[in-house]
Structure formats: C-alpha cells, structure tokens
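> The listed protein sequences correspond, in order, to chains A and B.
Per the working numbering, the first sequence runs over residues 13 to 472.
Per the working numbering, the second sequence runs over residues 123 to 185.
Hints are computed from structural coordinates only; laboratory data are not their basis.
No residue lacks a Cβ here, since even glycine has one placed at the ideal position from N, Cα and C.
Incorrect hints may appear among the rest.
Some, not all, of what chain A presents toward chain B, calculated at C-beta under 10 angstroms [what the hints assert, rightly or not]: (1) L89; (2) L91; (3) G94; (4) E202; (5) Q421.
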Amino acid sequence: MILSERRYQMLGAAWLAWMVNYIDRTKTAVLLPLIVASLGLSTHQTGWVLFSFFICYAATQPFAGFVTDLLGAKKALALSVGGFSVFTWMMGMVNTPDQLLILNGLFGIFAGFEVTSASRLVATWFPMRTRGRAFAFHQTAYTIGPVIVPFIAVPIAHALGSWRWTFLIMAFFGLPVLALIDRYIVDRPERDPRISDAELDYIFGKEEIARKQGGALDPARARSANELPPGERLTPYREIFFNRSIALMFASGFFCLLAGWGLTTWLPTYGYRELKLPLLISGTLASIVWAGQFCGVVVGGILSDKVFGMKRTPIWILGGVVMAMALVWAATFKPGVGLPVVYLAFFIAGFAGSCTPAGQLFAPYLAELLTPGAVGRSLGVVVLGAMIGSAVAQPLTAYMVIQTPAGPQFWPAFLLFAACGVLGSACVCGMVEPQVRRTYLGYLLSGGKEGQWKPQSQPL
Amino acid sequence: METAIAAALGLLGGPDPKSLASADFGSNWGLVIALDVINTVVVVFYVWRIWRQKLPPVRQRTQ
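The following block holds chain A by itself, in its conformation from the complex (with noise of 0.2 angstroms):
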C-alpha cells in the first residue's frame, strides 16, 4: 500500500501544506472587492496592500532558506503554517488600511518560510529517479488553490455577511496540517524511527547507507566525510553562491514569473475590455492558464524522469520558448475571435509556462547540482529571484497597456511575456546540467558527448 510508505506521508503533509498555503493567500485578492469597500482603501493603498505582500515574500526567501538548512525543514513547515493561520484571523479584525498593509506583509513573511522547507524535504525523502515525479506532485498544489478558493471564500463571505468571516474561518485551516506536520514529517528519512529498511534502501541505496552514517543536518556545515548523512556530500557555501547556474536560475525565475503573474492577473482584463468577452467568460481565462499549467507540472515531472532521464533543463528550455510562441499568437488576437481559440493559446501559455525554473523541478535540480541538504538556501535565492519578477509584472504590464480610444490594447504586455520567455529559455541554456555534466545545449550540439563538469568537492 503506496500510503504505509514514510515518504508517500510526508509528501501528502508537505502538499497540503503547500495548498493552505495557497488557499490563504489568494483569498485576499479574491474577496479584495468587498475588503475595498468595507475599510474605505483607495486604488492607491489596495495596490500597497498587494504590494507588501509580494515584497515581503520576496524578502524573507533567503533568510527562510537559511532557517531551513540549519534548523531543519519541519521547523520551518510549521513556524510558517502557524504564523500564516495568525495573521489570518488578524487580517480578518483589522479597521484601518494601515493594519491591513503591515498584516498582509507579516502575512507573506511566514507565507514564505513554507516553499524552501517543503522543496528540501521532497528532495531529502526521495531518490533521484523519482524526484522529479514526486515535486511535480508537490507543485500540482500551487495549480489547485487558486481555483477553488473563489468557492471557498466568497460563500463563506456571502453566507455570514462579511468577508471577515472568511479570514476567521479559513485561519482553522492550517491547524489540521500542523497535526500532519507534527505527525508525518521527519527532516531525514535516517532519523525517522518509523522508517523500513527496505524503504531505506529503495531511497539511498545499501552501499550509500553503510558507506555515510553522519549526523550532519546541514551539509553545509560538515566538515568531513564521516559527519555526512546517506545522500549527500560536502557542499561548502562558496559552491552554492558564487554559483553560475544559480545565478542563472535567479534570472530566469525572474522572467519567468514576472510572465507568469504578469498573464495570470491580468487576463480577466484583457478579455473583457479587449476582445469585449462577457464578464464571467473572462474570468475563465485566468482559470485556462492555471488548468494549462496543472497539466504542465504533471507533464513535465514525468518526462523529466521517464523521457529525459532524469534531466531537468530541456523541460525549462522547452517551456520557455514554447510559452513564448503561445504568447506572440495571442499577441494578434482581435475582437470576435473564436473562443476555443483563445482558450486554446492560453492553455498552451500556462502549460509551458509551468515548464520553467519557477514552475515546477527546480527542487530536483538543485539536489542534483548541489546536495539534497542545501536545496533550502540555494532555493532562498532563486525563488528571490522569481518573486521580485512577481512584484515587478503588475506595474510593468500597466505600463506596457496601450490606452486607445477603441479600448485597450495588451499585444505590447502579450510580447513583453514572450521575450521574458525567450530570456528564460536563454538563461536556462547556460545552466549545467548535472545529468550529462555540461550545459544541455552543448550536449546537443555535441552529438551527446557528456562533459567535464563536477562539483567544486568531489562526491564523496
């Protein structure tokens, strides 16, 4: 029974952890009408309110990551699904916009603590064969929470006569996963009493096992062979910051998103000030983009693992650019074009768009550039990277909207997302890829040949 297995346990807490997580913080744009009208905001403090969010989530990632190496990953889990559930009800009490702001920022502060931890124990519990799997299973909660939450959070604010209600009752959400957390996750399958041998061995591997037998939580902070635990090695801190493919995967996080959030807030818009759709149709443009990327991240973590071998970049490669081909087509749509149409585009858009390196296996690929064990800090870093793409999208898509007496006219946003694309594909080409020990690119226009490319400290 594939649920007795430890790993299978910890990955169903980690994901709906992941999933709350997601719940909580898009109820706050979702019920942002009536939040408007009840605390009197003005255009001007609602985006503040949404603002602080992001940059404070932003900010927190390589400080989270940190937390999560050194002090282990289910620390982390919980300290961030507690503070959210908090700061919910608070949000739900508050009179002033001011409270709304600092609350909705601590709000995305402890939010934040929640992806470093729960990609390190994913990359911890599972052997690479499978990894890629198991994160696109993880990564399916991201595509899930903002579709149903309109369903959740709005009949409770209809249903008890304010939104605050909302807050209130959604703040219960995060105690159950506590629970779980509490039950279910150990930072190190080695340290989980409850662990079988032969789980044990499917995970590391005898040899691997009987050859590492350290206490080391943090590889980082090794120093020697003999304090390693099974599955990873010596990473020093020099391999994981002055890193190129890192630094790489910081910029294309950061196209990525800034396309991905940049799309996902604004079609609604679009749809229904551009191409005149009614209201209700319009909303379901942002639900194709989120469907489109459901089936991206499950797509992509079997091919990865099954097609590719194990290799993570073609599947960013390929999503960047086919994203982008997605985009500069919906770029020429006009009025009365064909609704399958549209939805068509957008699905390909969010389908490949979930193939990048903010989408969906960077876990893996950071457990293989690096070490399982430094997946929290390196990510910090990454993620960073991609958040302040987020924040940067909404400004820069207003900016890019041409006003025009017809109404407006987003092909210059549309193409502005095809060249964030393009740029991620590109970042992603320079990216090592573990798996042939070279860049992908350079494998291919090699004719396979693997490279010479190995850790700064050799594996152990």
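Dock chain B against chain A, hints included.
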C-alpha cells in the same frame, strides 16, 4: 519633507473605515474573540511542540 510625511501618513492612514470589525461581527463578537484565542493557542501549542523536538538519532538497521 512635510509633504513627504503627509503623503506617507495618507498612504498608511487613509480615510476613516466604513465599518469596524466589532460592528461587522455584531453580537458574535464574543464568539469571534473566543475562536481567535482557540486558534492561537492551538498554533502556539503545535509550533512549540515541533520546535522543542530533538531530531531522533540515526536509525540502526533491524537486520
């Protein structure tokens, strides 16, 4: 300088709220406070419990 401070205060303060939390919750205010206290106590309990746990020792094989 004064203009900048006034702008900042305007951003943070804004107009008077149209509804206060206590007014929105009405007669349920006591229930709301009780739920918030329960939520916080449970969160603090679990976070405290998880943060004080020591990592178990490396597991010895059974065979």
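> Against this structure, judge whether each hint is valid.
Cross-check of the supplied hints:
no. : hint : in the structure
1   : L89  : holds, 9 angstroms
2   : L91  : holds, 6 angstroms
3   : G94  : holds, 4 angstroms
4   : E202 : holds, 5 angstroms
5   : Q421 : violated, 31 angstroms
Violation of the numbered hints given earlier is confined to hint 5; every other hint is satisfied by the structure.
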